[in-house]
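Peer 1: Sequence:
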Amino acid sequence: MPKYGSIEGHNCSVVENWVATYSDPIQVANGETIELDGRVDVWDGHTWLWAKNLEGKEGWIPDCIVSNEAPFKATESYSAMELTCRKGQSLKALRVLHGWAWCSDENGKNGWVPERNLHMINRS
4 MPKYGSIEGH NCSVVENWVA TYSDPIQVAN GETIELDGRV DVWDGHTWLW
54 AKNLEGKEGW IPDCIVSNEA PFKATESYSA MELTCRKGQS LKALRVLHGW
104 AWCSDENGKN GWVPERNLHM INRS
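Per our numbering: the sequence shown = residues 4 to 127.
Hint data in this document are derived by calculation from the structure and do not stem from the laboratory.
Below are the DSS-like pairs computed for lysine-lysine, each with C-alpha atoms no more than 27 Å apart in a straight line:
id: 1; residue 1: K112; residue 2: K90
id: 2; residue 1: K112; residue 2: K95
id: 3; residue 1: K60; residue 2: K76
id: 4; residue 1: K60; residue 2: K112
id: 5; residue 1: K55; residue 2: K76
id: 6; residue 1: K112; residue 2: K55
Between the sequences and the hints, there should be enough to build the whole structure, so can you do that?
Peer 2: Here's what the structure looks like:
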């Protein structure tokens, strides 16, 4: 398995199927006020916070994009959209954040895939 973060910007092969968890996930804009209810989850060593955006949509967001003081605000735009993918599929990992990779598939569809489900394709 590649070192954490080393797949960013590279083509990857999916080593384990992934099915998106939410069909209409939370999104926040940079500077948007968000509500936190105190729920916290640690996933693969990274802290996630349960948040509600201005539209009332709720979901998990990485703690690193939340301001440190109330009223809490998103410090960058973020979408929790996941990408359903199958073993053997090729994806481009565009960004790595909190154990997830923002990927693009061959049809131009984008979303998050767990980094542990990907393996960087060696370039010759």
